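Peer 1: Model the full assembly from the supplied sequences, consistent with the hints where possible.
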Amino acid sequence: MKMLKLLGLQLKVNFGLSALRWYLQHDPRRFWGSMGLALLVIAGIAPILYPYVQMMETAYAISAGLGQPGLIIALAVVLSSLLVLVFSLTYVLSVFYYSRDLSLLLSLPLEPRDILGAKFFVVWILDLLTMAPFYLPALWVFGVNSGAGPLSWLAGIFIFLLLPVVPLALSSIFVLCLMSLVNLSRKRDTLQLMGLFLFLAAVLLLNTYLTSIPAGEEMDYLEKLLAEEQGLVRFTARAYPPAFFAARALSAGGELSWLNFFYFLGVSAAGLGLLLLVGQQIFYRGLIGGSEVQQGRALSRDELAGKAAGALPPAWAIALREIKYLVRTPIYLFNSLAMVALVPIVLAIPLFAGGELAPLLEQIQAVPGPIQALGGAAFMGLMALFAPAASSSFSREGRLFWISQVIPVAPEQQIRGKVLYSLIIASLSLPVVALAAFWLSWTISQFLIAVIAGMILSLPAITSSLLIDLLRPYLTWDNPQKAIKQNVNVIFGMVAGGALYYLLYLAGRQAYEATGALLPVYLAVLGGALALSAICYGVLVKIAPARYRDIVIS
Amino acid sequence: MIEIVNLSKSYRKGEVKAVDNLNLKVKAGEIFGFLGPNGAGKTTTIKMMVGLLKPDRGSITINGFDISRQPLEVKKSISYVPESPEIYEKLTGIEYLNFMADVYSVPGAVRREKIPALLDLFSLSGVVGDLIQSYSHGMRQKLILVGALLHEPEVYILDEPMVGLDPRSANNLKNYLRESCSRGKTVFFSTHILEVAERLCHRIGIIHKGRLIACGTLEELRELAESKETLENIFLELTEK
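Chains A and B, in that order, give the protein sequences. Residue numbers for the first sequence follow the working numbering, so the first one is 1 and each next one is one higher. Residue numbers for the second sequence follow the working numbering, so the first one is 1 and each next one is one higher.
Quick caveat, the hints were computed from the structure, so don't treat them as lab data. Among the clues, some could well be false.
Listed below are the simulated DSBU-like cross-link pairs for lysine-lysine, each with C-alpha atoms no more than 35 Å apart in a straight line [said to hold, decoys possible]: (1) 90(B) <-> 76(B); (2) 187(A) <-> 90(B); (3) 13(B) <-> 12(A); (4) 76(B) <-> 5(A); (5) 174(B) <-> 307(A); (6) 90(B) <-> 324(A); (7) 12(A) <-> 54(B); (8) 187(A) <-> 114(B); (9) 324(A) <-> 13(B); (10) 17(B) <-> 12(A); (11) 114(B) <-> 307(A); (12) 209(B) <-> 12(A); (13) 542(A) <-> 174(B); (14) 27(B) <-> 209(B); (15) 76(B) <-> 324(A); (16) 224(A) <-> 54(B).
Quick caveat: nothing in here was measured; it's all calculated off a predicted structure.
Peer 2: Structure, rendered in structure tokens:
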């Protein structure tokens, strides 16, 4: 009962329901602004979803032809569940352990499972939003093409609502165990980060192991999957068995559908029950005392004088502040680095596991060197686009933005500091480019060209993302995860940056088609990147004084 | 040194007047106490003075610079301490102070001399190497004060600076401010601790429902009220109306 009351409060706080109601009554412009923004996010995602829906249509046509129409449901469930498993880690960590209301909640007569359950539900809803773009198009394609009846549609929706439970419970249990182990350690933040990356690596490796096909037996294996009843669905669901129940619940028909539906329901209930059981035992162990930091050794006079000696230009001081904050906040660091670490791992694992690396390397080596270097540069640009370092830069300051507003450093200089910091974060993809240079036997000059071009190509994503975040920074978050994951600026930044990169791609292609030479391609792409960055930076600098003056943290 | 002319700020399309046509002058070398009940408009006024809020009407001139037209010059001339000590928890104390010294362009030699002295003054030397997240509320308040005093501004603007300070630190702060004023610096601070205002301030302003209802020396305020004994009695009488 207390859990339900707390849940109501959590929903009001986390989704701003009370605030929205207040705005509707007292400040309708702000209310409709928020609604418009939500619609804008959906509109921004829609074009990306179109090819996904097309792909699902094709997959459905093929799998239905093979008598396995549930395949696309299994695929969507596996894909969205893996995403939730991996990306809800920091959600969970943040909501369970870093919410500002925890110090109040801990002092109330509540059971650990009450707090945990209420907070779990909040993440559950947030994850529904993450899963919706992956699962709902698949359900739509399946339902429309299979002529599903009302009950099937209802079952499909019900499965959707339950989808996050198991992966979320698994990542929550991992986080609970991790925090109960590292909570009182002096190296708590570092150990947290290591734990998160280890979990990520373990999930990816397990997934690769479960879905690998024995080398050299690909054709036989495929034939077997096609011949076996629901073989493809079973194979897809190996990475996440409840996906099989979901797929069969919608596609088997009759009693078998009901049976699989109840299996899915049972697995979800078991996941939730296990989480509450484990949480009741160890949630407080990872929470109490966690905000306390053991004091270190006092600095001697000489040490203090030494540390107080350096004097930095303001832009560098801003960049250094941003870097220190990022490095010392595991949630920020994980979110900023996960993509940089994840993308190459995701690409590399199947290559190594499937023995496909050598032929791929040969194919790439056949491409002219300057194009290879441009590819490396494009990779760096894309990593800058995916890392939310710039698109949440102002938002991450949160309620501390007052400091940036009152210090006597011109907004232009502060922005220069943020561009500098974002470039340093973008350069973290350098090791991957260096690895590619080693595999592909690049010359030093090729490598240098890739790196310099990569830094230039990072600029459009950085400047456009900073611009978007400055226009409407999200400063009133109550746990650090919200500054990144519940910040629409991150999505807008990726969409806008993606559009700029598409323009650069078109410019490069035009240049190649017109001249057939590579130098004009470089000039078009890099010149275009610099021009677009200069435009974004110019607008940023133009609006910054007014924004720094007018932003009110309320 | 500080001149506020016809300053107004309202919310909800003018329904709520937070600051209503405020006029105020504070001279160089003066300690000015800004008093008022909760929600009277003290913090709103201070936020407009430091550039955190944009006035609807009126002007604020500090050290000869207009906050609307010359915000950077004003910011270079002032130190601001907010009412709640929210600072970078993931920095160490010394990193925060170095950051403040960098942005106020305090030379290395000056900071080597001033940082240890100010840390001693507020008993923070032993913890300055630790992350701010390990600091208590009072320690954070003291660190913000140290950061604000580092660059020796012309004007100190302090919003409830004594809240959370232990008696020794509060006393040290008062002495520091008195000594600064004797060197021609100006202090503008809000407080609820009437005793502090009574003992420290050269002049006091009382704001109520956004309007300055009284301003002057303690003697001048006594003339305005029937009960003339303590500042507390004067305050209660004036803000009851």
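Peer 1: Would you mind marking each hint as holding or not holding in the structure?
Peer 2: These are the hints, each one checked on the structure:
Only pairs whose Cα atoms come within 35 Å are accepted, and residue 90(B) paired with residue 76(B) is accepted, the gap being roughly 26 Å. Straight-line distance between C-alpha atoms of residue 187(A) and residue 90(B) comes to about 14 Å, which keeps the hinted pair within the 35 Å bound. A C-alpha spacing of about 26 Å is found between residue 13(B) and residue 12(A), which places the hinted pair at or below 35 Å, so the restraint holds. For the proposed pair residue 76(B) and residue 5(A), the alpha carbon gap of about 50 Å is over 35 Å, so the pair is violated.
Only pairs whose Cα atoms come within 35 Å are accepted, and residue 174(B) paired with residue 307(A) is accepted, the gap being roughly 28 Å. Distance check on the hinted pair: residue 90(B) and residue 324(A) sit about 8 Å apart at the alpha-carbon level, within 35 Å; holds. Proximity of residue 12(A) to residue 54(B) is assessed by CA-CA distance (about 30 Å); at most 35 Å being required, the pair is judged to hold. Simply put, residue 187(A) and residue 114(B) have alpha-carbon atoms about 32 Å apart, close enough for the 35 Å limit, and the pair holds.
With a CA separation close to 41 Å, the supplied pair residue 324(A) and residue 13(B) exceeds the 35 Å bound. Taking the CA atoms of residue 17(B) and residue 12(A), the gap is about 29 Å. The hint holds against a cut of 35 Å. With a C-alpha separation of about 13 Å, the suggested pairing of residue 114(B) with residue 307(A) holds against the 35 Å cut-off. Annotation: proposed proximity of residue 209(B) to residue 12(A) holds, straight-line Cα distance about 31 Å (limit 35 Å).
Of the supplied pair hints, the one linking residue 542(A) and residue 174(B) is violated, its CA atoms being roughly 42 Å apart against a limit of 35 Å. Between residue 27(B) and residue 209(B) the alpha-carbon distance is near 25 Å, which keeps this suggested pair within the 35 Å criterion. Annotation: proposed proximity of residue 76(B) to residue 324(A) holds, straight-line Cα distance about 25 Å (limit 35 Å). In summary, the hint linking residue 224(A) to residue 54(B) is not supported, as the alpha carbons are separated by about 72 Å, beyond the 35 Å threshold.
In terms of the numbered hints stated before, the structure departs from hints 4, 9, 13, 16, listed from lowest to highest.
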